[in-house]
Structures are given as structure tokens and as C-alpha cells.
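Read off the chains here:
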Amino acid sequence: MNRVAKFRPTGFERKISQWVAGWDRIGSQIQFHVKTLTSIREVFLYYRVELIRLVAQMSMGVGALAMIGGTVAVIAILTLSTGALIAAQGFSQLGQIGVEALTGFASAYFNVRILAPLTAEFALAATIGAGATAQLGAMRINEEIDALEVIGVRAIAYLASARVLAGLVVVVPFYCVAVVMTFFAARFGTTVVYGQSSGVYDHYFHTFLSRTDLIWSFAQVSIASVVIMVIHTYYGFTASGGPAGVGEAVGRATRASVLAAVLVTVAITLAVYGQSGNFHLAG
Amino acid sequence: MAIGHGQTRVHPRWWTLIFTIVVIFAAWLVGQSFNRSFRAYVPVTLMSDRTGLVMETGAKVKMRGVQVGRVGQISGGKQPASLKLEIDPDKVALIPANVGARISATTAFGAKYVELVYPADPSTKSLTTGVVLRSENVTTEVNTVFQNLVGVIRQVDPAELNGVLSALAEGLGGQGARIGEAISGANTVLVALNARSHVIREDWRLFRFQSALIRS
Amino acid sequence: MRDVVVVGKPMRALGGFFAMALDTLVQTFRSPIAWREFLVQAWFVARVSFVPTLVLSIPFTVLAVFMFNILLTELGAADFSGTGAALSAVLQIGPVVTVLVVAGAGATAMCADLGARTIREELDALRVMGIDPIQALVVPRVLAATLVAFLLSPLVVLVGLAGGFVFSVYFQHVTPGAFVAGLTLITGLADVVVCLVKATLFGLTAGLIACYMGISVGGGPAGVGNAVNETVVFSFLALFVINTVVTALGFRVTL
Chain A
1 MNRVAKFRPT
11 GFERKISQWV
21 AGWDRIGSQI
31 QFHVKTLTSI
41 REVFLYYRVE
51 LIRLVAQMSM
61 GVGALAMIGG
71 TVAVIAILTL
81 STGALIAAQG
91 FSQLGQIGVE
101 ALTGFASAYF
111 NVRILAPLTA
121 EFALAATIGA
131 GATAQLGAMR
141 INEEIDALEV
151 IGVRAIAYLA
161 SARVLAGLVV
171 VVPFYCVAVV
181 MTFFAARFGT
191 TVVYGQSSGV
201 YDHYFHTFLS
211 RTDLIWSFAQ
221 VSIASVVIMV
231 IHTYYGFTAS
241 GGPAGVGEAV
251 GRATRASVLA
261 AVLVTVAITL
271 AVYGQSGNFH
281 LAG
Chain B
1 MAIGHGQTRV
11 HPRWWTLIFT
21 IVVIFAAWLV
31 GQSFNRSFRA
41 YVPVTLMSDR
51 TGLVMETGAK
61 VKMRGVQVGR
71 VGQISGGKQP
81 ASLKLEIDPD
91 KVALIPANVG
101 ARISATTAFG
111 AKYVELVYPA
121 DPSTKSLTTG
131 VVLRSENVTT
141 EVNTVFQNLV
151 GVIRQVDPAE
161 LNGVLSALAE
171 GLGGQGARIG
181 EAISGANTVL
191 VALNARSHVI
201 REDWRLFRFQ
211 SALIRS
Chain C
1 MRDVVVVGKP
11 MRALGGFFAM
21 ALDTLVQTFR
31 SPIAWREFLV
41 QAWFVARVSF
51 VPTLVLSIPF
61 TVLAVFMFNI
71 LLTELGAADF
81 SGTGAALSAV
91 LQIGPVVTVL
101 VVAGAGATAM
111 CADLGARTIR
121 EELDALRVMG
131 IDPIQALVVP
141 RVLAATLVAF
151 LLSPLVVLVG
161 LAGGFVFSVY
171 FQHVTPGAFV
181 AGLTLITGLA
191 DVVVCLVKAT
201 LFGLTAGLIA
211 CYMGISVGGG
221 PAGVGNAVNE
231 TVVFSFLALF
241 VINTVVTALG
251 FRVTL
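Residue numbers (the working numbering), protein chains in the order written: chain A, 1 to 283; chain B, 1 to 216; chain C, 1 to 255.
Since the hints were made in silico from the structure, they are not lab data.
Even glycine gets a Cβ: it sits at the ideal position worked out from N, Cα and C.
Please note that a few of the clues may not be correct.
Unchecked claim - Here are the simulated distance ranges between beta carbons:
#, chain 1, residue 1, chain 2, residue 2, range
1, B, R13, C, F18, 45 to 55 Å
2, C, P176, A, G98, 36 to 46 Å
3, C, A181, A, I52, 20 to 30 Å
4, B, L17, A, V49, 36 to 46 Å
5, B, N187, A, G95, 39 to 49 Å
As the list claims (entries may be wrong) - Take a look, some chain A residues computed to stay more than 12 Å from chain B by CB distance:
#, residue
6, E13
7, G22
8, R252
Could you build all of it, start to finish, from the sequences and the hints given here?
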């Protein structure tokens, strides 16, 4: 007769095994991410039409999102409000020390380096990121992903890598919209709402607007968008537990991707702008 | 964990380890890039009596308004102070070896930078590694002015001084014309006296002689 | 006619949202108050939001402090680094990070939970039993989201300031005493009150949007996924717009 030994783990052992399980889970997540990124080649080879369909879907959105104008509208509204913040806060606080003429400089400096990249990344995570997780999660709990694999479609390439690539394609025009909207909102707020002369604003704005800063912020947003999409597709792919599980996956994915995007942005900012910041104001 | 094709022969545990190592390496890279360890530069030493307040590492080195480098290390505490300047390699060829230096400030807050002064007779050789420059002076700082002012104020009680000056002002108020007349009158008298100064000196000498005689 | 339909749908949705919000407001003051559900939900939102808040506020504040310090060092006024840090942390970073975490973590969970119940027809069952789902489910969730957002925002500010202090002093060579002394130079009680007001409004709005999207879900499990996605989007939109409006108003009122 086989005697199965009774294994009752102590509290400490349970904690250790929990940690090991967590470590393994992170490992399998990294494995998935690496597989997603290496499958991008297959997307180019086999699933180009799906890529284009996804690009269209991501820009204009589905359902209620499409009715408010899709991802473009969301990015525009978010960046409009953050640009308006520069006008509201910058003008008021600079006015307290009498240098409100420098609001144009504040727009060129803060918008390009922090506000536009971060706001665009949040908008991306909220719209196309959460959308990807929701779609993939719904497919997972309906067992559609297993069906895809049965009929021979490479699931990771077709679903995850295609979305990562589509996100990368779509982020460049989106970020252009974001930057233009922040500039417009800051300028509109300062010159029309607060009544500063547009010549003063434009002079300081154009003096301090730096081309290399803009290019670096594009690079920041592109890398962050890859990170965001990679995380969101993982959580969608591994959703479980019915519809509530899909919602939970979206929540976890949004948290994780926003955190990762912010960390990537901070790392690139620190590395690129270094101690002195490539910045000349006085002298 | 239904990943299907995503599984490789490498156990997930190793992936986490690889990921951790990559993250640590990336953080180190960011730190090095932040400290500008990846830039090449030509080191030059600057000797000065004082470095000036708010002269920090990372301050700019400029010539004719164009930034040519930054200040690396500052060692002070004993006279003379020495600063290690890091000059950009692509600009070093344009700087003559006998360039002068001055520590000045750009704004009222007093953040200092090093200004290289193009000499009147530039040497044909350009700046190379290890050249030692001397600084001419440090801009008068607001702090020094305040320091002197505080010394004066300690000697003179400002409230009392204010009282005396206001009393004087009150007393002399409206008397401008009369004071002017008095001063011109005094001036005439003194001019006349000056003309006869040798007579006055003789009289005083005789007067002293007389009083000495009377006492004895 | 089709144009009316196309415009009609979002209008109806908006109208439904405001109707539910009004219902929630009315039901808040009607007994029986669902205390137990409120506590459970508040604990849940706090549990999922706590760690992301801490971890998110540090890089945010470091970024803002870094930007400010570059500017101030250029002017030689690095001693005012604390002022810049306090300004950005209290006025913007506190509310924004609260938005991200409460909307991204708490609101999605609420929406998913309510959405799952709706497609299982649990809400209809509650109505049949005579329990108003708004009073039993929505009101405690909305109040929980408001309370947790209100409590999270100062946490974000504190952690952010601590992180900014460490970064400024150890990496950018700012004098620690000057940093701390400059903290309250421009930022005062009025700004802290504005920050708390913003956080409360955010929690309220995110809770309402999440609950509305949850109880108006349709189309099976895929519909729940969509509803959660839309919750995140609409919460972000509403919260960023509220942030701008309250900031501008705050300046008018406090200056």
C-alpha cells in the first residue's frame, strides 16, 4: 500500500514557497515578453493584414471610444488639459515673482521634457493598452486563443506581437498630436485666457524650444509604448476567472504598465539630460 | 500558465535572474551617463586665490560666451584653490595655451562660472592636457558687500544715526540760502586770513614768548 | 435619422450617468446604510492602491525635482530646490498619481465586479428582491473610492517629497537644510486644501464612472472587458479635465 506522506508546511515554509512561486511567475512573464518581441519577425512575414487592421482599430477605437473620436481624441483631450496646466499654474506662479513673460519658456521646457511624454504614455496605456488587455482577456476566457492555436495560427505572434508593433507604428503620429496639443493649450491659455501678448509668449517659446529635446522625447515615448503594450498583452493573454478576471487583469495591467512607463521615462531623462541638463538660461 | 508555444527549455527561474541582472546593468548605465562618465574631455588645472561662493562642480567654462567645458573637481580649503576644468576635445584646439581665466557670476544669485579670457598675444600652441592657468580675480560678491556693511552697522547704531541725521535735517531745514551765504562769507574771511598767515604766525610766536616771560 | 441615432447613443449614456449619480447622491443619506460593504470595499481599494501609489510617486517626484533643479542650478538658485519640489508634489503630482492609481486599480476592479454581476443578472435578482442595487452596491463603492483617494493623496505627497529630498541631496548636491527650509516658501495651507479637494473629487468621479459602466454593461464577457477599458479611459479624461479646472480655480481663489 502506498502511504502518501502528509506534508504540512509551516508558516515560514509557506512564505518561502510563495516567494519562489512569485519568482517563477515573473520568470514566465519575462519569457512571454521575450517571445513576444522575437515574434515580431513573424508578424512581418505572415500577419501583415492583421497588423494594418490593428493599426486602424487602435487609432479610431471601438465602441464607445470610437464615438468620442477614438484614441486620437483621448490623447488630444488629455494633453490639452495638461498644457492648460502650464498656462494656469505657470502664469500665476511666475506672475508672483514678476516673470510671467517666461511662461513661453515654461511651456517649451516642461511640456517637451515631462508633460507631453508622460501624458501621452498614460493615454496610450489607458486606451490601446487597456483595450488590448480587454480584448485578449475576453478571447482567453472564451477559449478563442486555444482555438487559434489548434488551427495553426501562431497565437503569440498574431495577437501579442502584432499589437506591440501596431502600438509602435501608431505612437509616432499620436505623440505629434500630443505635443502640438500641449503647445496649443499652453499658448491659448496664456495669450487668450490670461491676456499675455502673443509676441512675448512666442519669443520666449521659440528661444527655448530645442530640437534635440523633442527628438529625445519621441524616443522616450516610443520605448515606453513598447513596454506598455508588452505588459498589457501579457496580462490579457494570461487572464482567467471569467469576466471579473478580465477586469482584474485590466486593472493589474494598467498599474504595472504605468509604473514601467514612468520608470523608463525617468531612466531615459536622467541618462540623456545628465547633471547639467543641456540647458542654458542665464549667461 | 497556459502559454503554450511560449515555453522554452530554460526554466522561468533563470529568466527572472537574467531580467534582474539586466535591470541592474541598465540602472548602472543610467547612473554613469548621469555622471557624464561617457564624455571625453581634456583636463586642465586652474589655480585661484578663491574659488568664489556657489562655485560648484558642473559649472560652465566659457570663452567669449560659448561654453567650452565644465568644472570637474574643486579642491579648496587652503590657499591657493585649484579647480580641475574639463574642456571639450573639439574646442580645445581653438584655445591658446596662454589663455587667461577669471571667475565671474552670471546672475544676482551669484552662481559662478569660469570665463577664459582670450589673451592680447595668443601663443601658437593650443591648450593641452595638464596646462595650469591662473585666475585673475573673483567678481565682487554680494556677500562681501554685505559683510562690510554689517561691520559698519555694528560700529554705528543705525537707529541712533537715523535720529541724529533727522534732527540735523530738521534743524537745517529751510536754511539752505543762509548756510550758503555763511559758507561764502567764511570763505572770504579765510581767504583774507590766508593772505596774512605769516603775520598771524609772528603774532602767535610773540604772544607765546610774552606769556612765558610773564609766568617766570 | 441615422445621425440622430449616432449622436443619441452617447447622449443617452451621458444622461444615464448623471441620473445614476443623482440616484447615488440621494441614496447616500437613506438608511439602511451599507456599512459592511463600505468597509470591505474601502479596504479592497486601499489594498490594491497602496503599493502602486508608493512605487509610482517616487519616480514622478524625482522627475519633477530633477527638471526643476536643472533650471534652478542654471540660475544659481539651487537652494530653492525644496520650493520646486513642494510645489510640484502638492499641486500636481499628488492628485495625478492618485488619479492613476485609483482609476487604474480601484475603478477597474469595481467596474469588473459590478459588470460580472450584471451579466450574471445578479442585479436584476436584487431588484426583484426589493433591494435597490444602487443603495446596496453603488453607494458604498463610491464612498469607499472617495475616502481612499482622499487618504492616498497626502501619502503620495509625503513619499514624493522624501524621494525628492534623497535625490536632490545625494545626486544633485543641494544643501539639505536649504531644501527643507524652502519647502513651505510658496506652498501653504491653501494649496494643501486644494490638493485634498482635488483628490476627493477624483475619487468621487472615478467611483461614479466605474459603477455606472459596471451596471450598464451588456454583451457578455467581452462587454465586461470593454466596459473596464472604457472606465479607465473616461476616468482619465474626466480626472485630467477636473485637475485643470480645479487648479485654475484654486489659483483664482487663493491668490
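Which hint numbers doesn't this structure obey? 2, 3, 5, 7
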